[in-house]
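**Student:** From just these sequences and the hints, can you work out the full model?
Protein chains in written order, with this note's numbering: chain A, 658 to 1023; chain B, 658 to 1023; chain C, 658 to 1023; chain D, 658 to 1023.
Please note that the accuracy of each hint is not assured.
When chains are identical, the list treats them as one kind, so a pair holds in a single copy or across two.
As the list claims (entries may be wrong) - Subject to a maximum C-alpha distance of 16 Å in a straight line, what follows is the list of computed EDC-like cross-link-like pairs (lysine to aspartate or glutamate): (1) K981 <-> E754; (2) K981 <-> E919; (3) K732 <-> D697.
These aren't lab readings, by the way, just hints derived from the structure by calculation.
Protein chains: 4
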Amino acid sequence: MSFNSFGRVLRYTSWGESHGVSVGCIVDGVPPRIDLREEDIQRDIDRRRSGLSRHTSQRREGDKVKILSGVFEDKTTGSPIALEIVNEDARSKDYSELARLYRPGHADYVTERKYGIRDWRGGGRSSARETVMRVAAGAIARKILGCSIVIRAAVSQIGDLAVCEERWSWDSCSVENLFCPDVETLASWQSSLDVARRAGTSLGGRIRAQACGVPAGWGAPLYGKLDADLAAAMMGINAVKAIEIGAGFDVVSRDGVANADEMAAATAGDEGGQGSRSDPNFLANNAGGILGGISSGQEIYFSLALKPTSSIRKPLRTVDKSGKDSFVETRGRHDPCVAIRAVPIVEAMFALVLADHKLLHRAQCG
Amino acid sequence: MSFNSFGRVLRYTSWGESHGVSVGCIVDGVPPRIDLREEDIQRDIDRRRSGLSRHTSQRREGDKVKILSGVFEDKTTGSPIALEIVNEDARSKDYSELARLYRPGHADYVTERKYGIRDWRGGGRSSARETVMRVAAGAIARKILGCSIVIRAAVSQIGDLAVCEERWSWDSCSVENLFCPDVETLASWQSSLDVARRAGTSLGGRIRAQACGVPAGWGAPLYGKLDADLAAAMMGINAVKAIEIGAGFDVVSRDGVANADEMAAATAGDEGGQGSRSDPNFLANNAGGILGGISSGQEIYFSLALKPTSSIRKPLRTVDKSGKDSFVETRGRHDPCVAIRAVPIVEAMFALVLADHKLLHRAQCG
Amino acid sequence: MSFNSFGRVLRYTSWGESHGVSVGCIVDGVPPRIDLREEDIQRDIDRRRSGLSRHTSQRREGDKVKILSGVFEDKTTGSPIALEIVNEDARSKDYSELARLYRPGHADYVTERKYGIRDWRGGGRSSARETVMRVAAGAIARKILGCSIVIRAAVSQIGDLAVCEERWSWDSCSVENLFCPDVETLASWQSSLDVARRAGTSLGGRIRAQACGVPAGWGAPLYGKLDADLAAAMMGINAVKAIEIGAGFDVVSRDGVANADEMAAATAGDEGGQGSRSDPNFLANNAGGILGGISSGQEIYFSLALKPTSSIRKPLRTVDKSGKDSFVETRGRHDPCVAIRAVPIVEAMFALVLADHKLLHRAQCG
Amino acid sequence: MSFNSFGRVLRYTSWGESHGVSVGCIVDGVPPRIDLREEDIQRDIDRRRSGLSRHTSQRREGDKVKILSGVFEDKTTGSPIALEIVNEDARSKDYSELARLYRPGHADYVTERKYGIRDWRGGGRSSARETVMRVAAGAIARKILGCSIVIRAAVSQIGDLAVCEERWSWDSCSVENLFCPDVETLASWQSSLDVARRAGTSLGGRIRAQACGVPAGWGAPLYGKLDADLAAAMMGINAVKAIEIGAGFDVVSRDGVANADEMAAATAGDEGGQGSRSDPNFLANNAGGILGGISSGQEIYFSLALKPTSSIRKPLRTVDKSGKDSFVETRGRHDPCVAIRAVPIVEAMFALVLADHKLLHRAQCG
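**Tutor:** Encoded structure:
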């Protein structure tokens, strides 16, 4: 029921504003005796960190995560794990004008309307700053899932420029490469981002994510649906405006035969890919690995739309706190395409949803 | 934490299988002293009922809803409201073959994998039968929201045939008209559905929904996000594979200037449209009425993709319980395009999410 | 968050008023493939049923429970199990005077203050009628726990008359014997109850409950504490005003040495009583089988105080809806000592709490 | 569902072990625009702090609370409020022997059985150290309740020595006075505690708490019962073994007439005591201010039993990790009577439960 929590038996609750003392989170319900060190978490955080490329925001923070509780002699104890990152480089002067202006596309106006008060420094609670803790929590979730489950995401489109599916290579998806799975597309993205930046504007993006190795049977038929939980998790990431699971919107124009994921008997000796030996061979995966809310043992995949960041240099019409017409231009440090930095966040939320469902499934079905 | 519940302070929990004794639900947390009669609920149920058109499933049920509790002298008392519909016309013989076969695209296989047991009669718990209770609960949610908030949905595309935006008319969206907002498109849909049915296949569809009159301030910045809750609610409807809020996937290829929803001072005397007089004039609504998880006072709108029903007459390859190759063809009564019957369900889930957030907002912000 | 739900992963939600259509509940999260028939549940309900003794209320209902969902071919499927009992013998005319009067000790006045509306027929939602569903749900919980865990309760005192600890015999605790574990005390209770009834008054009672066979390790250190959950569950039973776990209030006047539950090495060959062979021998059990919120493997026991029923024939001063002085005397059918009928309810709630913690423990610790 | 959370719409989640980096908590759902400074919270923490009297543990910590988030310009923003206290004086060497021994009455043994791992430094998560954060959160809860609601608790008995009801004075209940409401009893408590300390043992205690000014109507009839939530909250405090609300166990030996809380019409001009003018005059308060789970507008009061601390100097029989017989004597700093320091914790949990119900009531009933 908490407004700042996520998950059912693996439960994540976060705190912190962009320019407050620190951001942090509590991850509760973690199974005991899992190896966990700060560096395991730091590794994922570094993948999200800004300042590594000229195409992501220039705020340079050490972003050193600290484990405050729940770990003893490098193992989880079953107690809640609190993680914290101190906000070092928080120049709130950059934002002072925003105390009186509402930035279009931001939560400024609605926050004022909801709460009657607003921490205007850097977007306060609505800043993407909080997402660093999701990445941190996601590192714990991956540990719970174990190494047989591989979760990864990539940027598949920036503006009009989509990657070529045939050249898709997960290996090239590094933070230095803008999480681009297609090195031939990368150069065009970079110039496109430079153009956008110089024009004082920003670009939208698309992210594709997948999880391999998830066994059949996680999820639930109606309200603990794996796809519903994934949809909520992803739609809860800043700037995400759409999600499609499996074939997504393409199913609209398909007929039932074309969209069917037929099954065939497991091939003799077949033990790979889709889990245990007795799994059937699925002849297609339009469903995206989830049937009726429950994992099928196939690859789970989905795609997200992220809007161009609303923080742009180009002046936009807006109103001030008194309701009068005004203009606003954003001078702070901002990413021209937020989809890039969102990749590790998508992976983290994906891992958190799956780990929660792993434990839930164990609760009911042993 | 319940697998069969939905909502935070307005909480819906359902029971029932397609061919069990009955389907029902409990709606908990309903404010007291709201007028409520069975006929208020029945009206919405009738909009969902099958058998009204030759393009929806031919199962003919009275679907008479009964209020079991929580209402006294035609007013809600604040106690949980239980609703029940007895399953009258449940011909389980139609499905007997399915005890040993897994239908592609259905939950048959994953249910067996998850639970090790399966009520195979008509899909059991995973049948769309349960959605009738969501429609019933949605009728209560609308009462909580009051008549200043108008929620409606329509089919905007079937197969390749999208309606013409210019001719969009909510008035023509009746159950008899396949919830089509464009009478000129209706005829082509009907022939397309006839073709599909004769070919033993089915068609995908798209639904668009909107809510007008929602005040600014409902939702929360991070995990009680209005858009995240809507995404989960919609992705939890059978056959839904994608959701886009506001401009959705179109934002990918847009730049930040084109996607900005600029604001201007409220016009003198302006009291309509977006709520109270002091609301700014939004010059666009690409965000779909939700900013940073909180309603902006604008129209909230989104669009959904529904896959073609997996229950088709055309034989499909599958496996049986022993893992051997087989074929399955569905002979039961099924809709060639499930998007049509999903319209009242979408509206109901939309209403339930909004009513929950109305009460949540009141809890925290008075 | 629901007001009418109970439990974390095994979740119980109920509906119904004393004189409404029916009372019922949904038990969600039940593991699949457990044998379950209506008669398994009916057996426990019959133990609670009124009319079996002249010392319990004379309302005679069939109280036939019906399973509406979640069971297929006599096995649980993992889907929510809905149970219902139709209210057959609901003479609301008995209560009509209560539409305008507030009975002291009842929820009449506070219900009116909270909701501004009140179903006055027989106490409405606040009637003990709802507890029949807890007993029903408890029967399912016992199945989840399995037969190695034995839960039982007895009346240990009525008015001033406590049973003799030395003569305590669980075998004599039948519904016909007023759940009295000491046949020599029984006769004095019966005459005491007759006296009270004739005098138009009622008597308080004490219940003692225990669970044997609970393994060490269920519960959690802080907010999922087994004792805290038991306290909530028991205090939620109508008329319960106090709970003491283990030595309870006796600990106040004890010193730390006297209250210590010392441990000794397991005796060679010792496999009984406290679980697995390597369990230590506890030399006392003042803690009541729960240490720091977690079961120790010892017997879990507690004691409850139940107030004399507030529904008595003797006229009591009260006010009416307009706030004017009045008198009320209860003429309906009521138990002179509600503790008697509460025994199966206490057992049921005990079982529900333990079963929930069994599944919770499995979720986190495997 | 979280194991380390508490509350429904006002939700408290904590982290931290006795000898970890820090203890902290997140309080979520706090209404916006409430004045809040660190010193408001510090005041309550200081009342709990050890070292103020020779009868409480000698661990001297600054216990300076820090607000990490959710407050802007000394007002709550509606965002989660994180509070942290760094563990300064954590001498883990005191406890090193405990790595291999299980202290009777402590969670050592059950923690090992549950999780298979144990942070043995000072009791780890099960230490009373965590309760400092409840006191901190309680200070926020009091702010939500406002100054018309007064919550207070006192020690009413230590060992055999109960205070005299006639001399009860809330004014003398300071931390220096061991929260004793009767100065004449105080001296006997002090010598009794000195005797216990010298004998290497400890004493049990009883706490009485009350809340005045709670309006009629908070709570819910069945599972959101105010008394059930209070019972869980109190039983979740370390060392609490029993709770009685209102007349508590005394009701067992009473009859229905003696236990009735009769009502009379409000006296003309009566506006004090029990809330609004139209409230009836209750002629007694055996129920403790809660009827059927809902506040009646009367004083809410209850009483708790706290066991003598299990950490005593006197050697006790126990077993070590290998299951062998051993002895343990506690040499760390410990309170001879934990009831004393529990007083502010009881008040804090009381405030948290009431504040949660205030918001819950607002959600449903406006």
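**Student:** Take the hints in turn and mark each one as holding or not.
**Tutor:** Taking the hints in turn, this is what the structure says about them:
1. K981 <-> E754: Classified as within; 15 Å inside a copy, 61 Å across copies.
2. K981 <-> E919: between (60 Å within a copy, 13 Å between copies)
3. K732 <-> D697: This pair counts as within: shortest intra-copy Cα distance 12 Å, inter-copy 37 Å.
Against the hints set out earlier in the document, no violation occurs for any number.
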